[in-house]
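Protein chains: 2
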Amino acid sequence: MAEDMFVDRLLSAIEKKRSHVVVGLDPDAAALPPTLRVKHGLEQGDADVAAVVGCYREFLSGIMESVEPEVVGVKIQIAYFEALGNSGYRLYEEMTAAAAHLGLVVIADVKRGDIGSTAEAYARAHLDHAGADAVTVNPYFGTDGLEPFFRRVRDAGKGVFVLVKTSNPSSSELQDLRLETGATVYEAVADSVNAWGKAVIGESGYSSVGAVVGGTHPDQGAALRTRMPTVPFLVPGYGAQGAQACDLAALFDSSGTGAVVNSARAILYAYKKTDADWAVAARAEAAQMRSALWAAAGRA
Amino acid sequence: MAEDMFVDRLLSAIEKKRSHVVVGLDPDAAALPPTLRVKHGLEQGDADVAAVVGCYREFLSGIMESVEPEVVGVKIQIAYFEALGNSGYRLYEEMTAAAAHLGLVVIADVKRGDIGSTAEAYARAHLDHAGADAVTVNPYFGTDGLEPFFRRVRDAGKGVFVLVKTSNPSSSELQDLRLETGATVYEAVADSVNAWGKAVIGESGYSSVGAVVGGTHPDQGAALRTRMPTVPFLVPGYGAQGAQACDLAALFDSSGTGAVVNSARAILYAYKKTDADWAVAARAEAAQMRSALWAAAGRA
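Read top to bottom, the protein sequences are chains A and B. If you read the first sequence in the numbering used here, its first letter stands for residue 1, the second for the next number, and so on. If you read the second sequence in the numbering used here, its first letter stands for residue 1001, the second for the next number, and so on.
Just so you know, these hints were derived from the structure itself, not from any lab. Among the hints, erroneous ones may be present.
Covered by chain B, according to a simulated footprint, are these stretches of chain A (three or more residues, beta-carbon under 8 Å) [as the list claims (entries may be wrong)]: (1) 105 to 116; (2) 172 to 178; (3) 243 to 254.
Note that beta-carbon positions come from the ideal geometry of N, C-alpha and C, so glycine has one too.
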């Protein structure tokens, strides 16, 4: 077992920063601040990929430096980087390193899932090569498709967040199907995550195997908190997707910890609702979210 | 609806090539032919990523040119490219283009799945930017996470293979859970895939929304063929994972079509079992697989 466990680093960061906030890096060229778009030539119709990458780099670096005091980490949504092709993928690796350099916990939101030999390649890509602290993974393949990630949890101080209940409207189609046992599919996945996590409990009493639990389903989230008492939650769905701080109170434990909450668009593009500079606006939004969640967790 | 539908191109290629074979591009540096390893300096302990990429490029290009007459297409397993970081990702894009240039059907085996806005970015990355003909996707998020892929099926002649029943040993853990309806989870997913596919049936009578059905579960595969009569199958698990041609007979329809079968390691590394050159050995193995499957499909 690695002496330095992911979950202990994550929960220490919550206490140190007095924050449950993770900022989502979901860059969207059309939503970038006009000053940056002009500077990088994106206002011309024929802007090339290199210009977009340059604009993303300046924007995301500025966001991370600005919000760092308010957040425990970043969740890097790799899809928005892949959408730019290989130079976008290179920027994903660069931003992963930049976030780590700022002392932020780095969650690579890759949602990979495959058979064992392929999962080993994905684990190498994101936990070894890109150097993320943790990744999100999909449970559809079962244990052998997750074992390469779990090995790095045990041996290299890495973390994993398994999709349990996602934040999107259609999440109920498969995840809420009821089994003959009376449980739903996502509850069965939750029980597996809880069991997988028992082998990697840190000094904090929590496991380095976590769960993705969407903030858009408050009642289901509260029940999952009870069902997986030692599993840390990564909670998407805050802000632009509709979840508010008061909806999330039950996702924290009685000590006001055990969960981090992601917000991307509401922080990244906060400049749209103010006259402030984009980096200043992002920090103000992150600070407001930090306070609201700290109160919702019963810590204020 | 695009006039040129993916499924019609796929099934035409089966008839033209008299083959159901898809070669899986799963490059593994340790398994590459010794002559190539020496040429690219991989036998020295400190070979860098650029050397591995160069070796993969020569090997995969040679494999594709050699096996082209025997196979309908390629399944590019992106994980093995991501494992090399951004220069590996660039090679994935390059190999996608090279396969298309050879007239092969290109299936990007990316198994992505996420909420709608993120799925849009993944669809852009792999169907638009990388230019694959089809991708594999994960059903855990439900319809809204698949819609960006389906839109490109409808409007751009692309294809999608949804994971239904995977080939790995642990696939039963989640996929075989029994619902209160009496169906299993994977059967419920199959019913969804069948329904999604109805909107995009081609002239062949098959849909451009396909299913991944592992060849390692012959009885379940046969039942799925009946359950999804208009859904084309992408069948992994042949060769190194244990499935043989005779196990797969029931995955084809009564006309001996409706499925393509992937083999990676057994073709790529066929040189290990012969004295022949690696490219020649790969073609011989692909030809043997082609004949065995053609017979299993009742076409010989």
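Each hint tested on the structure:
1. 105 to 116: As far as the region 105 to 116 of chain A goes, the hint holds, because 6 residues have Cβ atoms under 8 Å from chain B.
2. 172 to 178: holds (count 6)
3. 243 to 254: This one is violated; 0 residues, fewer than the three required, reach chain B with a Cβ under 8 Å.
Hint 3 from the earlier list is the only one contradicted by this structure; the remaining hints agree with it.
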